[in-house]
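What follows is the residue order along each chain.
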Amino acid sequence: MAPSQTISSSNSAIGSRLNTAWQGFIETPAWPILVSIMFVAAWEAYVRLTGLSRIILPAPSDVFQYMYGQWALLAEHAWPTLYQSLIGFALAVVGGILIAVTITQFTTIRRGLYPLVVIFALIPKISVAPLLTLWFGTGDVARVALVFVIAFFPMVVSPASGLMSVDRGLLMMARSFGASKSQIFWQLRVPTSVPYIFDGMKVAISLAVIGIIVAEFVTSEKGLGYLIIFATGLLNTTMMLAAIIVLSVIGLGLYFMLEWLEKLVVYWRTSD
Amino acid sequence: MPHIALSNVTKEYLTGRRRTVAVTNFSLEVERGSFVSLVGPSGCGKSTLLSMVAGLLEPSSGTITIDGRLVAGPNEHIGTVFQDSHLLPWHTVLRNVLFPVKLRRKNLREFEPQARELLKLTGIEGFAKHYPHELSGGMRQRVAICRALILSPDILLMDEPFSALDAMTREEMTHELQRIWSSYGKTVLFVTHSVREAVFLSDRIVVMGLNPNRIIHDVRVSLERPRTAKMETQSRFNLIVDEIRESIAQGRKHGATQNDGAIRIAASG
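From first to last, the protein sequence lines are chains A and B. Number 267 in our numbering belongs to position 267 of the first sequence; there are no gaps in the numbering. Number 330 in our numbering belongs to position 58 of the second sequence; there are no gaps in the numbering.
The shape of chain A in the complex, shown without the other chains (with noise of 0.2 angstroms):
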């Protein structure tokens, strides 16, 4: 009994071993990236495989040669929804954190507007888009418009939640000392409210990109989202799927500024 109980407990030793090293891997970004590859492997062997129709859906082979060749196409369209989705995203910043200051600072408008307010964030934005086409026609600041609705209302939410969330004992302790409500409110509530402004942020990225898409749909000559609508036209599907991938990396991109931006801002909550 006794060898053969040595050998099988070495033989767990080394598989908790071999354990170990795997749960390490699973750790690093290889395993991610790994995974990330299969999937693309995987794509372009069913593709190749069955003979799929492009049409139907092209090999990642295709589409990243397509980028490879008409990069510069790409880049036309990308930049007017890259340029007019931030555009539509700071009026929607600057807006939002102005509502939200006026409503948490003053008791009569926010009692008269916060009603308000509410039944607007509620309208599903998208459904505006045409009504915002007959107002400002189809030049760019109809699409602005879009990017702006979709983008307002998170960032009148976290930031307004933000000035109300002033710790209690801060607030106490300050009070102890003598300060002012306009002292609280720059000492306190500003600082407080800038974490829960970036999250707000980040929530709007993600709609202004959607939103100027959507824009892009309903009218335009140009953009990433008018060449997806070009391209289903021409039942280029390895254009579209290009135009897509574009669009993810500005999104991804701008998502994860906002991420840097905030570790360099909010320095005081990094390292927790």
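Hints in this document: simulated from the structure, not taken from any laboratory. Note that the structure is predicted; figures quoted are calculated from it, not measured. Where is the CB? At the ideal position from N, CA and C, for every residue including glycine. It cannot be assumed that every hint is accurate.
Calculated lysine-lysine pairs in the BS3-like style (CA-CA distance at most 27 angstroms, straight line) [as the list claims (entries may be wrong)]: (1) B:LYS392 x A:LYS222; (2) A:LYS222 x A:LYS202; (3) B:LYS525 x B:LYS502; (4) B:LYS401 x A:LYS263; (5) A:LYS263 x A:LYS202; (6) B:LYS401 x B:LYS374; (7) B:LYS378 x B:LYS401; (8) B:LYS374 x B:LYS392; (9) B:LYS392 x A:LYS181.
Have a look at the derived ranges for each label pair, beta carbon to beta carbon [what the hints assert, rightly or not]: (10) B:HIS465 x A:GLY169: 10 to 20 angstroms; (11) A:PHE256 x B:GLY409: 27 to 37 angstroms; (12) B:SER279 x A:ALA90: 53 to 63 angstroms; (13) B:GLY409 x A:VAL265: 20 to 30 angstroms; (14) B:GLU348 x A:MET164: 26 to 36 angstroms; (15) B:SER314 x A:TRP31: 48 to 58 angstroms; (16) A:THR28 x B:GLY409: 30 to 40 angstroms.
We have chain A; now place chain B onto it with these hints.
Frame of chain A; chain B shown alone:
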């Protein structure tokens, strides 16, 4: 003239339809430069009293004066230390200590040497540029004490300042506080749950009872200073501790007999 004088102070809250009484007809005179502790069971209103002296709460009736002048709101001559340090997480230790200077719209640079000296006195001068989340609980509370002292107030109000600390840090801080108090000579009003802590630090201990919330015992502690850890094992120290514990127990019992129907106490202390 007493430094701090409370006379017939009553504080009632209206919570919904219920009237809760935190303090009834409370009178106390605190001499300049003395260290006075308020002890008593939870709900006896000691924290409420401290908040009223700090000018954070207004008494429902009665008067509170400092140097004969009526307290009407937070006052520059008072520094308060709370149970939690309540440091601003986005400011460095130094900026936190200087926060009252900022609020009083004084020149920050002028007070910086003073702030550094206080940090040195409390043994955390090496952490001036650190952020609160980088400090231990004891260090954070030291910063809070420095902050309370930065404008050189005459009065230090302390609301269970060490109760959130572990036992060892707590003892260390108690000794530290004695040192700070003896080098600055402030009038201290100190709220605590720890009888030993109160005996160690105080010139005088005021024991409060429940229902009605009033003074049931007023003890002068005549142990010589500086008090040492060794004194804590001596019988005269422990006799005072026992005496106070007994009166707290009595105060609680007294409350229990009256607690059945009448008034509910909703003070936090």
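Are the Cα positions of B:LYS525 and B:LYS502 separated by 27 angstroms at most? violated, 33 angstroms
Hey, B:LYS401 versus A:LYS263, does the alpha-carbon distance stay inside 27 angstroms? Roughly 19 angstroms separates the two Cα atoms, so the pair holds.
Would you mind confirming whether the straight-line C-alpha gap from B:LYS392 to A:LYS222 stays at or under 27 angstroms? violated, 65 angstroms
Run the distance test for B:LYS392 versus A:LYS181: straight-line Cα separation, threshold 27 angstroms. Outside the cut-off at roughly 33 angstroms; violated.
Going straight from one Cα to the other, do A:LYS263 and A:LYS202 come out at no more than 27 angstroms? This hinted pair holds, its Cα atoms lying about 13 angstroms apart.
Outcome of range test on Cβ distance (A:PHE256, B:GLY409; 27 to 37 angstroms): holds, 35 angstroms
Would you mind confirming whether the straight-line C-alpha gap from B:LYS374 to B:LYS392 stays at or under 27 angstroms? With Cα atoms ~21 angstroms apart, B:LYS374 and B:LYS392 stay inside 27 angstroms; holds.
Are B:SER314 and A:TRP31 spaced within 48 to 58 angstroms by their CB atoms? Hint holds: Cβ distance 53 angstroms, inside 48 to 58 angstroms.
That 26 to 36 angstroms hint for B:GLU348 and A:MET164 (C-beta), does it hold up? Once the Cβ atoms are compared, 29 angstroms apart, the range 26 to 36 angstroms for A:MET164 and B:GLU348 holds.
May I ask you to test the hint 53 to 63 angstroms on the CB atoms belonging to B:SER279 and A:ALA90? holds, 60 angstroms
Is 10 to 20 angstroms right for how far apart the beta carbons of B:HIS465 and A:GLY169 are? holds, 18 angstroms
Okay, A:THR28 versus B:GLY409 on CB: inside 30 to 40 angstroms? holds, 36 angstroms
Hint check: violations occur at hints 1, 3, 9; the rest are consistent with the structure.
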